[in-house]
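Both chains are given apart, each in its own frame, so use the hints to dock them into the complex.
So the protein sequences, as listed, match chains A and X. Note that our numbering gives residue 107 to position 107 of the first sequence, counting from 1, and the numbers run on in steps of one. If you want our numbering, it's the 1-based position in the second sequence plus 419.
The set of hints was computed from the structure by calculation and includes no laboratory data. Note that the structure is predicted; figures quoted are calculated from it, not measured.
The following label-pair restraints were derived from C-beta to C-beta distances: (1) Ser678/X <-> Cys99/A: 49 to 59 Å; (2) Gly156/A <-> Arg1021/X: 29 to 39 Å; (3) Lys1245/X <-> Gln348/A: 53 to 63 Å; (4) Asn265/A <-> Thr1193/X: 25 to 35 Å; (5) Val967/X <-> Ser382/A: 52 to 62 Å; (6) Gln1151/X <-> Ser286/A: 29 to 39 Å; (7) Cys1190/X <-> Glu351/A: 36 to 46 Å; (8) Gln1052/X <-> Phe373/A: 53 to 63 Å.
Subject to a maximum C-alpha distance of 20 Å in a straight line, what follows is the list of computed PhoX-like cross-link-like pairs (lysine-lysine): (9) Lys321/A <-> Lys1225/X; (10) Lys1116/X <-> Lys38/A; (11) Lys1119/X <-> Lys38/A; (12) Lys210/A <-> Lys1154/X; (13) Lys389/A <-> Lys1183/X; (14) Lys321/A <-> Lys1183/X.
Cβ atoms here follow ideal geometry from the backbone N, Cα and C, with glycine treated the same way.
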Amino acid sequence: MGRENTVEEALNLLRSRLCNPSFVFKPLSDSPDSNYSKLKFIISSSVTEACNNSILLLGPRGSGKIAVLELVLKDLLLEFPDLISVIKLSGLLHSDDNCAFKEISRQLCAEHQLLFSKMASFDDNSQFMIAMLRECGLAHKTIIFVLDEFDLFAQGKQRVLYSLLDAMQSVTSQAVVIGVSCRLDADQLLEKRVRSRFSHRKLLFLPPSKEDLQRLLEHILSLPLDSTISHDYAVEFNAKLQNILADEKFKQIIITYMDSDATVNHLLRFLFRAVSYMDLGSGFLSLENFKTALSNIQRQPKLECIKDCSILELHILVCMKRLEVKGQSSYNFNSVMKEYKSIRASFQMSEYYAWNVCLRAFEHLLQRELICFTDNRGQNQSVEFRPAKLLISSHELQQGLKSYRSCPAILLKLMDREV
Amino acid sequence: MAETPKKHLLKSPRSSKHQAKSTPKPSSPSPSPLAPVTPQTQTLTPRRSSRLNSPFFDPPVSIEEPKETPRSGKKTSRTSDPNTPRDSAEKLPKLKRKDKEDSVKADVSSFSPASPEQLESKRKRKRQEESKVVTRAKSAVSVPKRRVYYKKVVYDGGEFDVGDDVYVKRREDASSDDEVQEIEECRVCFKAGKSVMIECDDCLGGFHLKCLKPPLKVVPEGDWVCGFCEARKSGKEVEFPVPPEGKKLARTMRERLLSSDLWAARIESIWKEVDGIYWCRVRWYMIPEETAAGRQSHNLRRELYRTNDFADIEMESVLRHCYVMIPKEYAKANYGDDVFLCEYEYDIHWHSFKRLAEIDNGEEDGEEDDDSDEDWKLGKDSNSDTDEDIEYDDENLKSLPTKQSSAHELAANSRKGQFFGLQKIGTKKIPEHVRCHKQTELERAKATLLLASLPKSPPCRNKEMEEINAFIKGAICDDQCLGRCLYIHGVPGTGKTMSVLAVMRNLRSEVDAGSIRPYCFVEINGLKLASPENIYRVIYEALSGHRVSWKKALHLLNERFSDGEKVGKQDDRPCILLIDELDLLVTRNQSVLYNILDWPTRPNSKLIVIGIANTMDLPEKLLPRIASRMGMQRLCFGPYNYQQLQEIISSRLKGIDAFEKQAIEFASRKVAAISGDARRALEICRRAAEIKDYHIKRLKSAPKSVCSGKSLVGMADVEAAIQEMFQAPHIQVMKSFSKLSKIFLTAMVHELYKTGMGETTFEKLALTVSCLCTSNGEAFPGYDTLLKVGCKLGECRILVCEPGSKHRLQKLQLNFPSDDVSFALKDSKEVPWLAKYL
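Pulled out of the complex, with its shape left as it was, chain X reads as follows (with noise of 0.2 Å):
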């Protein structure tokens, strides 16, 4: 694509090209086979001319200056020549990216009855029939007077996917004079050559390595700037070097996008129109001085945002291909100049911004790729998204401004299938912290250690995996389909539901590639159901799309799965219904559970439920004819080991130098002799880590600064986080009481030794603390004073008591061991006189 002939492009016009497809469109139905194809040949006729029967943009200023003049005065704007200030100019196009948008929709309710409305939402039809077209010819008009939809074009040379970023062109006669040019020159000898050229990261402008002053061998690891930037950041007036006389200073497509002579897109959906002209539904990218925040000082020079601004464009004004990337995929680039970093979306209408949440699965990715397996990485590359989901998308995306516009604001907590009014939230300005802070191997472990960083498949679970994986696919890939049922268990932590979800993934991966065929697969968590019934709701809204009242769902559940009645085009798929945290469906008649688990039983159900629990005698407990339906296949989630501990945590501690490798050790030692919970051990590392990171930034804020040399967590700090994770906190509690307290305490310890009963009154106790007073010369406080400590530590639960106002019948017991107390208050420096009694 890279040699896109540019000079072609600006000079001679391509409407050829619709031409020659749209001639023989309206009559045959038949594939074209010169359709999307480049047009090799380049006949001179005037650009554009094959619209001629819109008269909206004949020749492009011209006559569209008096067409926008009976609008509202803000669009003289337009008018004004690209010289004018880049705000202005910047809404300017926009406008017109409207107008155009009008002016199809007209276009097609000239041709087609149907209203822009319907058309819209029978896209998702055509799409489909699109994705058949593409397969079979990559171009072909299938039935006359409709769009025709592409995933893929060949236009002008340059091949367009669906999703790819593209420049596009700003204003029709702009730059046309500016020669672009491919390769970037040096900015010191003005030649392109071959040798290797060096970019600043600061100007973005190229040197070669041999022009440089003192010339480079090699490029230098890390950013580098170029030393007229230097210069003239440490304030020196700086003299670029002139470009020898006749040579224009040419521009790259790159610095006129960043310069705004251009725009770069994202394609959304290509389409053909009925009068055979290529459309593409684009997303706007931004540049950073665009925005309203304006350049941040933490932007990157070649950084965009993507936008919620959406445009149909004509196909024509596409320029090329270029490359927009997230900050993980930027950093391994190698296209050459074309490279744009993205991270985050800016809304147009909130002036906010906010992450893009691709992103966060393209790190997971990224991170878990040392793991390889190569075709679930393949799945997610390919957009991961199935033609529905963009269609779904779309819809949605489309579906924001005009619910913006429609003047009544929805409550946000409400849903009618979506939540109103969370594009309002976003930043108005990207916090430096999160883009400048370049993180220490500490908080590196920090974050990788997070529950939330999930790993894509968990390590040590491969023969779970395994067996999942039989199960659902001896399911699925049955002719028939038989229902089945398999119960899962095993305490918290054990990675269960992690284990099915990367199942599923790599099921899904496969599906993608065609070897099994499509299922749908539901995901649903016991305990978020505001009520067991509601199970059915939630199946049925994921199944169909509509929300219903449980019963009515219920019954329509029954009918498809039991009486076998198919009503969408999807329902003959396979359904795999995933419950977590089962044991929150059982009810008094245990109903709900029930009917979840006998319709797989029934013919033509082709449904497979896996319920998640924590007991392992769940069926056991249940009414034998539920049991006799789940116990069946069984597969038990033991706790993890020390080493498999060990190993997960070091596999998400890969590369990173932060902990001492005993400390890991000590770390899932404890928790596997304690419970097991994979959790648990990561939790205990992560707070070993920011214990260390505490006394780290606690020592550098300190005056002297000494002792930075080793920051690896150790001993020390798993201890540290062990003793806060497990060890009560009542022995330290107790060993800061106040006097009277600590008396009251060791007057209970005192009277449960004297009786050997663990309960006792207040009455009682109150004669055992005047026995200790009186015996030790202390004064004795009152039964009032008394019964308020008392109820004291019972607050705290020390004690387990009834309430204050039994006084005397008041019932008291320790909450805790009777020798912890006697270690809390053996030595207390106040009352030494305790440890007698103790």
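The shape of chain A in the complex, shown without the other chains (with noise of 0.2 Å):
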């Protein structure tokens, strides 16, 4: 009783701190060279010596920015406290200038427990923000304004960029803008008078090197010897996961998943999925674990797709790519239906199938989307006249048959030779 609670309590543990970035960047931030202290770097000098400064932070989605971002702001509200008020943003909510203005002033408002109008117009509140970050800049304060998605704030006129950017240019305010972005060119979509004003800082976030991972991977996974989980079991743990780290095989597993994307979050997810498959009774991960994550995780949904059809969905596709291959690049519902048709009295093929049970397995692919009309228009017109398009190449279609449990022959024959 009292091992499977450890077990229990050991895999509870391990799953939070996967779900917890700031556990997860931790270790990777303690070199010189890393981006936090980089980054702690700017935005402290900045505090203290009251200057203004904007930062970008690119790098491809999942590599860490915001969560190297609030580590960073975590230490430094601890460490200047009242001293720095942080407004946050994304991209995705606040790209209209009206409402990032409006939003800029609800934080700044609750940040100092000033009462906010909600009435208040765009000129209001740009002109609220810009004599708050005068006031806070008198009274030693530095306000970080954070951008997610910052791409998306360069759309249209950037008159909120434009007008912190500007306001920044004063000695009295004392402001860092931090734009987060997985755009390696988010600098260059900025309009030259507000990239005039930017100071241009740029913070590049990539993918782990093959001794940092294996570090990561370590300090994730293994349990700490001080907590409430026995010493003895977590001494043991260590060891069997020392032994699986060692090991060529596993070693391979994460090669091999970290081919397609090499992110930290994208392990993390592997992570999860392999400790979840831990073996409660043992208590301990075993190589198979992973084995089994990295088979349930890599999958090809399209595939999968075709698995799932009907005979007659499957001969709809064969159909489809049958006329693609005699040259005919735009067909439809009934252009198919008429590929059938000569089909099933070529080869005499038995099973009949009404229009409209043909015209449902249609639109059941449609759905699935394994085909898709060509292009938006004509909306009104019936499903059987818009042209449509096979979304699945030849090849896919090739291994989907050969993989269905009780393919028909005459299909794959179809498939294979130009009948």
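What follows is the structure, encoded as structure tokens:
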């Protein structure tokens, strides 16, 4: 009983770690070349030296931009209590100028216990922001603007960015604008007058190197020896884990997995799955867990879709493919049905499906996104007349047919040969 | 002023003067020649006798006491002896001030039918009268039964200006026995003498150089702490020299102020009450001990805080001048003992600190003084405010407390003339790092390179500035004041706005000096307007102070500029309108621009429009009728060349030894070659300094602290900064991509070479990838994984692609030159075979 509880507890610990980005990114942050220390230096020097800065954090999704930023902000808030106020905006929500200014005012008001009015106009809010920047600057307070999905702020007239960056050109203000974006060309999107005011510090977030990866795995998966989890169990667990980590097969699994996407977040998703497969009975991670996780996580959704299709649907797909091979670039349900009928006639297939049953099958394929309409025009046309296209390539279709549990031989033949 | 006879002051009451003044006043509106001149004769009339008509004050302590008792219990503390603990003693006098204030108002109302509030609102008008009065005779009673405001009075031998800092008596009775001393005595020999004295930076005691042990020959540079303080710090018991028998230890005003037996205040306005008594409104200064945070470790001995606490006091209680200065001036100050330092404002309601806004302006001035244009400095130093401005501030500040007292809070961001609650913002304690931190050369360099620290006059733009100056002057100084229009264009960061503003500042100082006539100046930024039409509203608000809808504003402005209807008194002034980012005002029918540019052409409009934009051919893109109005006079700000950039940077870095000369040249050449944007050049240098600073600090924190010798920013740092700023990061990202992404990109390039077409579809690409994989012994990952990889690349904008739902039909294109991809992937260790296909 006690044993089971311990295992349960360990599992919970591991899972909560995997879902907590600030834990994951902690070990990567201590080296002086890490983005963490660079970012911290820039922000803290703008707090202590009362200057304005603007920084871009760039990197593919899942590389830990926000996580590192949060870590830095958390540390700085401890270091300089009530000298920093953080305003967070997201491009997905606040790319509209009016809305962005309102949100900035709202957060500023909330931060300083002021009363906020929803009715305030664009002008009021932008002037309020500038006045607040000044007042906070005079009171040695730094306002940090975090603009998530920065590229979306760079649409339209870019009033928000211009106002922010222009206000930062006065001595009294003390602010840091941090743009976070996965677009590498985010700074090229800025209008030239905005770009000229932007101070162009860029931090690039890259996937971890091999050594970092190894350290990270160890950091995340090994149990702490000084917690409520029983010591002996933790020691044994860690010893087994070391074995696994050193195993060549394990390394191969990780490499295969990371081949498609090398970011940290991608790895975490895999580890979470693997940890969840942990055998509660034995209470230890094993290589098998990782293998199952890998096979489970690498799926081919389109192929699986084909596996779930009915014979009729497969017929339709094959007919469409044959039409394409014949060089007919545009076809609709009616032309597909014509092809289907000719095949049936030439091969004297016994089964017969009514026209409306075929239409249902066709619609089903549309919903499955195995086929689609070529354009969005003619919405009011009925389904059978709108030109459609096959979404899967012939290779995929062939592969799908081969792996189909009871695929009629005739279909395979039709696929292969030009009959 | 230093000669103020203090002994007279305390022993003989000054009220005689009031009598002398007040007697002629009620009857004669003519200027009384005697009025503000110091009474040389000292009659022995009891002090305050002139105020017998106000029963509140008569014998200073005895009668006030019964007056207080019916009020709240708090005030009982007033009656306590002067030795009460400081905080209660601190409250006590303030209450008294309030009483006085009340009584003054009561007095006023008894004399004139106007209520005090009305009086306040009328002030503005009166103020102007007053300024006239002052210029005429320095003293006059224009109309009886009204307050008369002065800019400057000579009172009791001292000349007091509005804006001066003074000592104020704390208690009527207190310290009259205390000997006030003009000249500080040496702590050792207790003689004043003429020989040089040195001040201890800790206890502020004065020492003769010769009295020290060992004696000093010259005043040492930097901080100096006396032997007593050093000894005390090291924990020893110290015995101060005892003054010779019979000689009282006298305290200077400064000492009494710092031990809170006196107050310091700044005179905000001076007036003569109807009964002839001189009053002034003062803004109190506070010593650090009196604040809620107490004395903080970084407080200097002579530091004061300005408060937002105002009071009306009689001029009588003003003792004499002291000098409260901002740090920059303080460092240079040489006024003797009565100099104090003030950097922060203290909010007495919220107990919070805030930097003084003027300091920053002051700092700006200081930095740019090397460029030397004297007239501008003069204008700034004379407290930079016209009468109206002071008046405005005054009312502003007054309105704050009243608003606060009104129970309902107003929303902070809906602006009815001003933002509510901004006074709440402030630090409870001044952070230590701000004060105690000694800047290194690099940090100073970083600070001066900030975009925010604007130089007063942009270097290398003299020709353009002259042209602007000539344009504006030509427009204003005409008797007719014909409306004109100037279009300024140039790429960003070439100092367009800064030059215009510098010209305007120069002009303003000329206005102050009286050489040209006053004008109003309205500055608008096109990008900060919610919509182009809003510009009417903003202009109208700036001109008249009223907020109306834009349609109404347009109507009113049309009336003003086209029909020549003048409403207010200021309307006949020429108006200079500066519109930054003019291109943002272009609407579909371009009516906004047309209206604005049409007004100057009207007779009597007296409107001068200066438009600033980036594009050279903006007038040509507009309707001909607008182009003909705007395109007449143009001024081009070309991009800076490298010498100019170099000059800009080095003028900022003058006196700071942080940069290698080649490094500056490298940065400026690089920027000049790319854009000629001064902001960019400054940012590069700042970033380079930052990089250097980062490395140095890292080295220091590392256990082995070697190589701290050279800390100059060199070529390598500038190179790194330029790399970061100008180089797109894609190559680095491509190098670190996953294996499949690399293969994907290689296939893209391969496909491009094969077909010669930039665009390809996912189906073709997948085919290529599978070919590449099979021929090189890699496992083909499957279509779906490949699609995901492609979409990831699209997200980073390495590729431009359609949404992934199009699957096989998805169109893909490289977003960067294929050479970049080849360069990045050529020597990848993971997949060496890629090089074959690149």
